[in-house]
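Peer 1: Please model the entire structure based on the sequences and the hints provided.
Protein chains: 2
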Amino acid sequence: MPPPPQEQGAEMINFGNGQPSLSLLPTAALRTATEDCVARGDASLLQYGENQGDAAFRASLAAFLTRRYAWPVPAEQLMVTAGASPALDLVCTRFTKPGDTIFVEEPTYFLALEVFRDHGLTVVGIPIDGEGLRTDALQDALTRHAPALLYTIPSFQNPTGTTMSASRRDALIAISRAHDLLVVADEVYHLLDFDAAPPRPLASYAESARVLSLGSFSKICAPGLRLGWIHSTPELLGTLMRSGVVQSGGGLNPFTSGVVRSLLDLGLADRTLDALRAVYADRSAVLCGALREQLPTATLVEPRGGYFVWVELPNDMRAAELLPRAKAEGVSFHPGGRFLSRDGFASAMRLSFAHYDAPTLVDGVARLARAIAGYGPAA
Amino acid sequence: MPPPPQEQGAEMINFGNGQPSLSLLPTAALRTATEDCVARGDASLLQYGENQGDAAFRASLAAFLTRRYAWPVPAEQLMVTAGASPALDLVCTRFTKPGDTIFVEEPTYFLALEVFRDHGLTVVGIPIDGEGLRTDALQDALTRHAPALLYTIPSFQNPTGTTMSASRRDALIAISRAHDLLVVADEVYHLLDFDAAPPRPLASYAESARVLSLGSFSKICAPGLRLGWIHSTPELLGTLMRSGVVQSGGGLNPFTSGVVRSLLDLGLADRTLDALRAVYADRSAVLCGALREQLPTATLVEPRGGYFVWVELPNDMRAAELLPRAKAEGVSFHPGGRFLSRDGFASAMRLSFAHYDAPTLVDGVARLARAIAGYGPAA
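Protein sequence lines correspond, in order, to chains X and V. Residue numbers 13 to 391, in my numbering, belong to the letters of the first sequence in order. Residue numbers 13 to 391, in my numbering, belong to the letters of the second sequence in order.
Just so you know, the hints here were simulated from the structure itself, not pulled from any lab data. Honestly, I wouldn't trust all of these hints.
[Stated by the list, open to error] When the alpha-carbon atoms are kept at most 16 Å apart in a straight line, the in silico EDC-like pairs for lysine to aspartate or glutamate are as follows:
hint: 1; chain 1: V; residue 1: K109; chain 2: X; residue 2: D112
hint: 2; chain 1: X; residue 1: K109; chain 2: V; residue 2: D112
hint: 3; chain 1: V; residue 1: K339; chain 2: V; residue 2: D375
hint: 4; chain 1: X; residue 1: K339; chain 2: X; residue 2: E23
hint: 5; chain 1: X; residue 1: K339; chain 2: X; residue 2: D375
hint: 6; chain 1: V; residue 1: K339; chain 2: V; residue 2: D112
Peer 2: Here's what the structure looks like:
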């Protein structure tokens, strides 16, 4: 829970925190789902599960995704995972070897870079613009590199909030086909639009090109479940399922998938997601409004979904240098440089609006404005 | 559930199946634990968890292990995992690189070999005997190799059922200290003794040498939970926690650890474990009795815990050649050769007694005897 109002001044407001507020977690819905699941008395949820994941759960998930994507999702194209991060790790284990080059967006999710580091991969960044991944730059980079995969966050990107346009998605898929490029699409924010769905997910191109789409209940329901899915063709999923870890441990989260099957079947997953979309739309508007009012010279593009606002500071102000001053004022964030494997984005910062209520977001921006005012001549 | 008696003859009896029977899964205990957990209403179980795992769960687990090991286990030496297989995968990601040599016991768990293959590791086998890992052979192998780690299953080994003696454990730890050898101890069967505890677990040497002990609720409670732990020093656990996958996803199974915390605190984990020990002791005795009666020329050492009996066929009979004949009789098993990365153990087979009730085990051995009788002159 957020701290009581009288203590807010004393607590650090950490815009770097990409977590939902505790108060947004669907405790009551999960209680209902858990009771429903337990009442089914299905002992098979306690057994080693099918490598692809429980068939009944996958059927419920396929129905949910078909509804939410407005695109048919067959259950045989879904493999259950323990969340997007373990899924990305498994993809690296099975589709890369150390020393391989991979492509990422520039900037990209900073902890994905740590997963790639663990696998000894050489990361090459492809720039993005307001329409997402620059496919011309991708085309160009492919003349110099033969990457094992491209990692992209097409909708409400982490960290920039940008969404790849429909024409860029088509262009990316055409390039993937032409170069046999494996596209790993981190689509965990895709369903979290505020008012209008993004172009169809890269998951929906699974039959047209080599696409592995990573989904998760972390952002649309509750991170602590550690439950997600990979959406792809049975052939590519087969490569993942033939891993030692899946063969040995069986399905990656049978017990929890039983609980979430009830959540899906009772309509509680839809209700939870829609409630989160409304709250995040409001929080995003509050944060962006406060930024425009209190930091009028900063640049931002208001996001249409997801968790993040990407802010460019004025006058070549360096976010990493601002950070200690900001912390002294009781506010924190991730400087832009963290989202790259090389130098750059020095004047940018990522702010998450998921963790705090509206008054706290406004208070955080006021602290940020004070830190910037004290930053010296550049401010 | 096992098939009804009149159908048993028609169903394959698969001694290769290293899973508990569905009827042994603690459905009622987990229902109680789930209700207790949900009634606590602790929203933090739905949040990204601490990288090391929920502190309250680790305290309950530490108390359980202290009691069951009869050896003090501090909660700060425990890190929560999604089971032993993901833990082994994570250890490989953080402590090895492709091309590294690692040591395993010969024979060893066949699916661990698949995890090592996924990480591009070169596997060198160290022989075992009735006292477990031959530390003289290990000492000798260390003159020729510099392994990244040794993988051992010290208690009720998979596949042989052998338990490493106390003096061998001491010798192994002395070698580990002398050579700075990382020992990865898969101790998932340790608590599953039938009547007498094995020598103290390698986990208990964590402060004396570089030991990572893998534990799991799969064999002592329910595989579908995908919940386990790594027991080691905070320093070695820190290397695992600084992985991209743990930093990104947070604690590896917060929701389920909340349920199992209730199971532990209500005494239901102890009760479940003791019930399983009694059932497996009985099933092991039944299987070994039937083998001695119906295959008197085969060699076996009756296990004192765990899941498996290792049987050596008489007259250099080859288990892999016997297998299709056995399947035609309605019985299956894992031939010895699967448990090695090279040729060997051709006349051995691993039989699991965990999955079937006593009449089915006896029936399976009868089918095996018929297959052997039809095997030709060697029988």
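Peer 1: Check each numbered hint from earlier against the structure, then list the numbers of those it violates in ascending order.
Peer 2: Violated hint (a single one): 6; every other hint is consistent with the structure.
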